[in-house]
Amino acid sequence: MQPLLEVQDLSVTLKLAEGEMTAVRDVSFTVNRGETLGIVGESGSGKSVSSMAIMGLLPKGTRTQAACLRFDDTDLLTATEDQMSRLRGNKIAMIFQEPMTSLNPVYTIGRQMTELMQHHKNASKAEARARAIELLEKVGITAAASRLSQYPHQLSGGLRQRVMIAMMLMNDPDLIIADEPTTALDVTIQAQILNLLKDLQKELNIALIIISHDMGVVARVSDKIAVMYAGQVIETGTVANVLQNPVHPYTQGLLESIPIPGQIEPGGELGSIPGLVPSLKTRFKGCRFANRCTRVQDACIEESVALRDALTGQAYRCVLPFQDLMAPAAPEGHEAAGSGHVYGSRIDMEATPLLSADAAECVFQVSQGMFSAPKPLKAVDNLSLDLRKGEVVAVVGESGCGKSTLARMLLGLQDPTNGKVTLDGRDISAMSNAERSRKVQSIFQDPYSSLNPRRTIGEIIRRPMALHAMGSASEQQEVVEEIMERVGLPRNFYHNYPNQLSGGQRQRVAIARALVLKPEIVVCDEPTSALDVSVQAQILNLLLELRREMRLTYLLITHDMAVVEHIATRVIVMYLGRVVEIADARSIFKSPKHPYTKALLKSVLTPDPGAGVPSIELGSSYPNPIDPPGGCTFHPRCEFAEEICKAKAPLLEHLTGQQSCACHMVAREVV
Amino acid sequence: MLRFILKRLALGLSVALTVSLATFLLLNLAADPAAMVAGEDATQEAIEQIRVQYGFDRPLYVRFFEWFGSILVGDFGDSYYWKKPVFELLIERAPVTIALALGALSVTILVGLPLGVLAALKPNGWLDRFALSFGTAAQAVPNFWLGLILIILLGVMFPIFPVSGDSTWKHFVLPCFVLGTSAVPQVLRLTRTGMIEVLGSDYIRTARAKGFRPSQILFRHALRNALLPVVSVLAIQLGYKLGGSVITETVFALNGLGRLAYESILGADIPTVQMLVFFFALVFIVLTVLGDILNAWLDPRMRVE
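Sequence lines, in order, name chains Y and X. Take the first sequence: its letter number 181 is residue 181 in the numbering used here, and every next letter is one higher. Take the second sequence: its letter number 134 is residue 1134 in the numbering used here, and every next letter is one higher.
Since the hints were made in silico from the structure, they are not lab data. Here a beta-carbon is modelled for each residue, glycine too, at the ideal position from N, C-alpha and C. Please note: incorrect hints may appear among the correct ones.
Said to hold, decoys possible - The calculated lysine-lysine pairs, modelled on DSS-like cross-linking and capped at a C-alpha distance of 25 Å, are:
1. Lys60(Y) with Lys1122(X)
2. Lys121(Y) with Lys138(Y)
3. Lys646(Y) with Lys375(Y)
4. Lys389(Y) with Lys518(Y)
5. Lys590(Y) with Lys602(Y)
6. Lys375(Y) with Lys1007(X)
7. Lys389(Y) with Lys439(Y)
8. Lys648(Y) with Lys598(Y)
9. Lys15(Y) with Lys1122(X)
Unchecked claim - Covered by chain Y, according to a simulated footprint, are these stretches of chain X (three or more residues, beta-carbon under 8 Å):
10. 1202–1209
11. 1218–1227
My request is simple: use the sequences and hints to build the entire structure.
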């Protein structure tokens, strides 16, 4: 039987203002009915361009070449625009990353769903409507009939992605291409959507291509996998083969750089791939990974390599024989540096807290139009917390849980409505900016927008020193260059501008800027979530190293439990502005108590082939913070909820050691 | 939806009152109204006589509430110059202006929208360059100049259209064209920018992935989104045009509200000026509200609960 989709030696050359750029070169894969192919790669690996080439949706002027690009009986290379538009949305459906913007805001869900069937199948309005209701129910949307008249903005992100999936199923497609379908969603929703896709695929016998930067996602849902790097497939095979016995040094490095709960010693160093993902505008010669490869040979730099078979069942693109590649590399320096380090041994925690919040509350008045009275939104509700020297406290929760507001309060950028925040025993709102900023600094999520594009790297890092008038200009430059070297930036970047740097390098600039005043506390707000996986590990390692050397205290804000286990000593889990559980890192991961903490932990997808996606039974979606449920705010989504949970908000109660939890059911030992 | 409209109208009415109060104060405080009515060469005695006769000697607030009380019952007072109720004047003159404004708006829409859309389909293509040059030219050319050129060309050299008066539809062709052209650049650019943005959006990518053809995508999926910002601008433009275009009406000798406003300001015809300002304010308010309602109809996100 011939495969449903066959792609052989696909090359795509995009036309840009600066000239041509070959985004994809010699990419081959096949997908059968009922099979899932996972394409994994970092930004610029060409994974999305390949899928757009299949859909025929690349911009005009793009050159697409291939030995074979066939779907079912159609040659996609020679198909007319008319033939292509009959395939799109009909036989081949595509689901995109951004559920918030991928639906047309001015039309109802119903119209957007039904038009697809009316367009391709000449269905009557009633038929299409019936089908839309059927599919909405299938993707787990309640009150489906009434949803049809709703508009996209009335639905949450998770619901919109369900609608998107249901819509793309309207015409019973043979192939679905899902491009980062869960990347923009909260972690607990991610598992639900992946399970949904997987179930539908089995039930309807669809071929599925899932594209992601996340090894965990691809590993859990795919049968086959293609690892892409700089526009090429560098390793491909069954998921079990590739992930359990990776051959290519890049695949190996990528897998090592993912923090896996339970497998990495807390605070230990993650494996990371040195260097940066190359730009596709580079004129490549030889192996594209050569400049980052630890096993680079002379041959790698000269000859380009073809994909070849390893006897283990997968194909890989490397000059070395697979037996050599699979033998463990000689232990290198960094492992020695990482070993032997245990929390608490090198840095003694002091008893007096450095920074603490005492029953802090932050209430925003949210205006809802000119004539209605503004409503209070409790972003942070009665929160107490101590941060002691040497600790890494992680605040975990999904979007809307108040973690960023908490960070702003602790930085002194937001005054608490009630309660107070003290730094070194003094009220932080009474301190001057200068005093405060010498002690507390911050690193933000998006290194692209948090650096002033009109200042050079040197100026950006030097700025805090200049504001504090620390030393002469030449002394300042000296300090800046030292710190640049420390965070792994070449000194000659001093006069470069942020747009000349990659994401990882920019985040290093942000770290350097935060450290230049030698603060005691650094608040890191999602410091790695905008970065590529291989770069993420570099930054996490850097943060850990700096902490040891400079005796720093971190407050880490994140949604990613895997990162938390790797670097935190204490964890605070937040839900709708309240702390639901607080404990030392070990207890959180070994014996989590609160049902929400458990769900968050379950949502971590490690690259574990065959393990499937855990089902997370969280009813309904994340509530609107302006109108939180009464009693325990988590009760509508909790499987253990009883009457008391609806009636009374649970208090944070001490359990054992450092662990406290706010849950009636935990207190009664039901859970 | 009804609540939304009522809210907007209530807001609009308060704006109209504020504008009226401001006009009232300006007219009465900027200069001595009695002296203005009496004319330049009047004696002090004559001025004093007028002051008493027209009631300018009474306190400001008394006169404001008197004026305000009478507009509530539909009485705008009598014109000093025309010696008849100003409301009758308005009724007499308005049809010409309304015809001119609607005609001009049609020209703006019929030229600006399609040109903007076409330009957006291929940014930097020849059509786009043409549209943008046309826009710049239309913006640079003053109304009176274009009017005069058209009169010479199509009225005198090739007498196709009459050049003055308002008795037939033919009289309106040239002035509508002149007045309409002046708003084309703004509408064209806004449509073009909106369309380029919309065509690059994620939901248009979705529409393409759904297998719709380019023309279907343009008209069914993109146009409505791209028009949202244009609607508000069109409402304001219609407001300007209904407010009377003094220049266009003068060049083509149309007896509309623009001319009336011009004459009554020169003649210190305070009741007429006051009524016109109040009327123009109301027009703007009603049109903005209409624009908002139209936008809310086009865009469900604007229907604030």
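A quick look at each hint next to the structure:
no., hint, result
1, Lys60(Y) with Lys1122(X), "holds, 11 Å"
2, Lys121(Y) with Lys138(Y), "holds, 21 Å"
3, Lys646(Y) with Lys375(Y), "holds, 22 Å"
4, Lys389(Y) with Lys518(Y), "holds, 14 Å"
5, Lys590(Y) with Lys602(Y), "holds, 12 Å"
6, Lys375(Y) with Lys1007(X), "holds, 19 Å"
7, Lys389(Y) with Lys439(Y), "holds, 12 Å"
8, Lys648(Y) with Lys598(Y), "holds, 22 Å"
9, Lys15(Y) with Lys1122(X), "holds, 15 Å"
10, 1202–1209, "holds (count 7)"
11, 1218–1227, "holds (count 4)"
Of the numbered hints listed earlier, not one is contradicted by the structure.
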